[in-house]
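Number of protein chains: 2
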Amino acid sequence: MIADKTLQAVSATRLQHWLDTLATFGPGTHGGMNRQALSEDDFQARAWLIAEARKLGCAVWTDGCANLFIRREGREDLPPVMTGSHIDTQPTGGTLDGCYGVMAGLEVLHALTDANVQTLRPIELVVWTNEEGSRFSPGAMGSSAYVEPARLTDYRGHQDAAGVTVGAALDAHAQRFADLPHRAKIATHAFVELHIEQGPVLEQAGVPLGVVHGIQGVRWYQVRCRGASAHAGTTPTALRRDALLMATAALGPIDALAERLAGENKRLTFGRWNVHPNAINTIAGEVTFSIDFRHSDPAVLNAFDADLGACLPGDAELTRLFDHAPTTFDSRVIEVLEHGCNATGLAWQPIRSGAFHDAMYLAEHCPTAMLFVPSRDGISHNPLEYTEPAQLEAGVRALAWSLVALAEQP
Amino acid sequence: MIADKTLQAVSATRLQHWLDTLATFGPGTHGGMNRQALSEDDFQARAWLIAEARKLGCAVWTDGCANLFIRREGREDLPPVMTGSHIDTQPTGGTLDGCYGVMAGLEVLHALTDANVQTLRPIELVVWTNEEGSRFSPGAMGSSAYVEPARLTDYRGHQDAAGVTVGAALDAHAQRFADLPHRAKIATHAFVELHIEQGPVLEQAGVPLGVVHGIQGVRWYQVRCRGASAHAGTTPTALRRDALLMATAALGPIDALAERLAGENKRLTFGRWNVHPNAINTIAGEVTFSIDFRHSDPAVLNAFDADLGACLPGDAELTRLFDHAPTTFDSRVIEVLEHGCNATGLAWQPIRSGAFHDAMYLAEHCPTAMLFVPSRDGISHNPLEYTEPAQLEAGVRALAWSLVALAEQP
Numbered sequence: 001m002i003a004d005k006t007l008q009a010v011s012a013t014r015l016q017h018w019l020d021t022l023a024t025f026g027p028g029t030h031g032g033m034n035r036q037a038l039s040e041d042d043f044q045a046r047a048w049l050i051a052e053a054r055k056l057g058c059a060v061w062t063d064g065c066a067n068l069f070i071r072r073e074g075r076e077d078l079p080p081v082m083t084g085s086h087i088d089t090q091p092t093g094g095t096l097d098g099c100y101g102v103m104a105g106l107e108v109l110h111a112l113t114d115a116n117v118q119t120l121r122p123i124e125l126v127v128w129t130n131e132e133g134s135r136f137s138p139g140a141m142g143s144s145a146y147v148e149p150a151r152l153t154d155y156r157g158h159q160d161a162a163g164v165t166v167g168a169a170l171d172a173h174a175q176r177f178a179d180l181p182h183r184a185k186i187a188t189h190a191f192v193e194l195h196i197e198q199g200p201v202l203e204q205a206g207v208p209l210g211v212v213h214g215i216q217g218v219r220w221y222q223v224r225c226r227g228a229s230a231h232a233g234t235t236p237t238a239l240r241r242d243a244l245l246m247a248t249a250a251l252g253p254i255d256a257l258a259e260r261l262a263g264e265n266k267r268l269t270f271g272r273w274n275v276h277p278n279a280i281n282t283i284a285g286e287v288t289f290s291i292d293f294r295h296s297d298p299a300v301l302n303a304f305d306a307d308l309g310a311c312l313p314g315d316a317e318l319t320r321l322f323d324h325a326p327t328t329f330d331s332r333v334i335e336v337l338e339h340g341c342n343a344t345g346l347a348w349q350p351i352r353s354g355a356f357h358d359a360m361y362l363a364e365h366c367p368t369a370m371l372f373v374p375s376r377d378g379i380s381h382n383p384l385e386y387t388e389p390a391q392l393e394a395g396v397r398a399l400a401w402s403l404v405a406l407a408e409q410p
Numbered sequence: 001m002i003a004d005k006t007l008q009a010v011s012a013t014r015l016q017h018w019l020d021t022l023a024t025f026g027p028g029t030h031g032g033m034n035r036q037a038l039s040e041d042d043f044q045a046r047a048w049l050i051a052e053a054r055k056l057g058c059a060v061w062t063d064g065c066a067n068l069f070i071r072r073e074g075r076e077d078l079p080p081v082m083t084g085s086h087i088d089t090q091p092t093g094g095t096l097d098g099c100y101g102v103m104a105g106l107e108v109l110h111a112l113t114d115a116n117v118q119t120l121r122p123i124e125l126v127v128w129t130n131e132e133g134s135r136f137s138p139g140a141m142g143s144s145a146y147v148e149p150a151r152l153t154d155y156r157g158h159q160d161a162a163g164v165t166v167g168a169a170l171d172a173h174a175q176r177f178a179d180l181p182h183r184a185k186i187a188t189h190a191f192v193e194l195h196i197e198q199g200p201v202l203e204q205a206g207v208p209l210g211v212v213h214g215i216q217g218v219r220w221y222q223v224r225c226r227g228a229s230a231h232a233g234t235t236p237t238a239l240r241r242d243a244l245l246m247a248t249a250a251l252g253p254i255d256a257l258a259e260r261l262a263g264e265n266k267r268l269t270f271g272r273w274n275v276h277p278n279a280i281n282t283i284a285g286e287v288t289f290s291i292d293f294r295h296s297d298p299a300v301l302n303a304f305d306a307d308l309g310a311c312l313p314g315d316a317e318l319t320r321l322f323d324h325a326p327t328t329f330d331s332r333v334i335e336v337l338e339h340g341c342n343a344t345g346l347a348w349q350p351i352r353s354g355a356f357h358d359a360m361y362l363a364e365h366c367p368t369a370m371l372f373v374p375s376r377d378g379i380s381h382n383p384l385e386y387t388e389p390a391q392l393e394a395g396v397r398a399l400a401w402s403l404v405a406l407a408e409q410p
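First to last, the sequence lines map onto chains C and S. According to this note's numbering, the first sequence is numbered sequentially starting from 1. According to this note's numbering, the second sequence is numbered sequentially starting from 1.
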């Protein structure tokens, strides 16, 4: 069967070569990466990947958000099966994250050629622009603009820290890759994204493969507490309005709310803090902090939303920064991925993603699911990000089997 | 009596003119000031003040830390009575703070001339360099280096945010004011510093003058909590090591310790926070925060120091950044200042300073005390810093009387 033939043709050595080559564009600190979306490093990585695609006889398109589509034609001109991820990184990121999913797709294209397989449907490898959101906000920009092109009008005005707009960066990409034809959204048979887990679940379970059933929903908030900035030495305690104490006093009640709603599935993070004026000898006049709350049940997210205000001091300002409903992946694609995992002969388990992925947006457009491989110590977005080579290979083998099986579906 | 004659010669109009003129050098935002130590603005302000001093027939010296000494000769060449403060400001400071004490001294020199008074001892107006410490650390650099010149060797290597060393800035000052003779530390009969309170005590009591008996001692610490930076979505609560939660959990025990030791006199501030990597969707891997604890009793400061470690998580790293013992001002100088306040006909009260002042270091060298006037809403280090003109005048009148009385002491 051609799915098994393709699986057998996957080369772990070649996969490592693709990963090593991609890591030469935008090396970061301590063996990590710093390849920001639409930077010169990103452009050079794209140019290399496009050249590799053309060596395989693939056609390449781009679109208004600089996503890249690398197409291996099928026996018939049916809606394709797509796979892919992103190649931008966090400022102190690792070499896997989105890169692994893209290089896995490149390796599957080689395996198909080596196995001399032509699938019924075309198979496309996609590179989604700016998934990390670390240069331009928001993340998953390319995939969200692909699925809903009206979003791009707004995104084009967003700026990076140096004041460069998304629009200017996209125009530079269009100029740099002027030979690439543009293509709008097309009907798609299925989308599969292979990714490192970025959490500790598979590693702790000792299972090398995960079939992802969905992505947790998320709510992001900002809380602003206003006190009065005053001298730490001269202001009696009774006359203080210390914004830092106001803010930290709210953490217990917020945690209790999350605990009550989610129990052991609680995912609550106060990750970003800005204290003003942030001086040793000055009482904080204003403190803002972020809340990241995730759950797979929309009812829990809504209940958190409803009760959060009551956890805060009366005059605190609560802003909802972002929210995304839980994503449930397509059961028919999941079933194919389960067969793909079985075809590797290795253990797998169902898992839920705590992180966002481009697949979150693709699921709005076509049948979608994901595969995970373990992350050592659950670490990602860090130069220490690591997955064992055998696990990296297993993920690509399961992906190869699944893409061919999906592409053979009439 | 010549002290009363001098008090009567103080001009509120002229005082306001000095303050307004000084405020033209280094204007900041919203009516405030931004005159950093040894900046071009500071140099221009110094040039103006030196010119004003020479119009009055005063001699001017500087020293290795760019302090300025403006001397009105006495009838005899005895150790002088000194007064003064500083003219550098916080980046978003007001127009009073140290400026008031220096302009008050300039006005007293004018009042002495108008009243045709020559005191027994010389009277010197001093401008201390870099009291704020906002450009170069530490604060009170000029007064501390004056009292203990060995400190200057270390200070000269300190850098501002742009990498300019104190040494280079001092050399630029020496070049700019090459006509000023240098003078080392001299025996001093007394030092009096007039300052705004920078706190709410006098205003709340409705009392226009405060005679300062001492300065609270202070301990500055930094606490570093190390957790593990991880993805907010993918990391189960049980596996997290959230440095932000470690840090905030310590605040309650630290507060309880301070409350137990100091009761209603508690002055405890957690003013500076650094959260790493400070991203909404990443669990904090490292959090550092500062502790500012002040008290007038050395035993309380020592007890806080002894018990602080027990309030922190086991692996937190505690660093003592700075400490200064409580300062007790000289009782004979205090007595003169009480008479000076009485001579204004206005109410006064004893008070303790919560803030540092150059007088803290001068007290190590000679009999020293301070006068305070109220700060509206207790605000300072802010463009909203304000003291009523009648209160500003009262302070200078009390200062004038006191300086003459001290300078008549044999």
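Be aware that one or more of the hints could be misleading.
Since copy identity is lost for identical chains, a pair holds within one copy or between any two.
Said to hold, decoys possible - Cut-off 25 Å, straight-line C-alpha distance, at most; resulting in silico cross-link-like pairs (SDA-like, lysine to any residue):
1) Lys5 / Pro383
2) Lys5 / Asn34
3) Lys266 / Pro277
4) Lys266 / Arg241
5) Lys266 / Pro313
6) Lys266 / Ala250
7) Lys266 / Leu251
8) Lys5 / Leu78
9) Lys266 / Ile280
10) Lys266 / Ala279
11) Lys266 / Gly252
12) Lys185 / Gly252
13) Lys5 / Ala172
14) Lys185 / Pro149
It should be emphasised that the hints constitute simulated quantities derived from the structure, not laboratory data.
Broken hints, numbered, in rising order?
-> 1, 2, 12, 13
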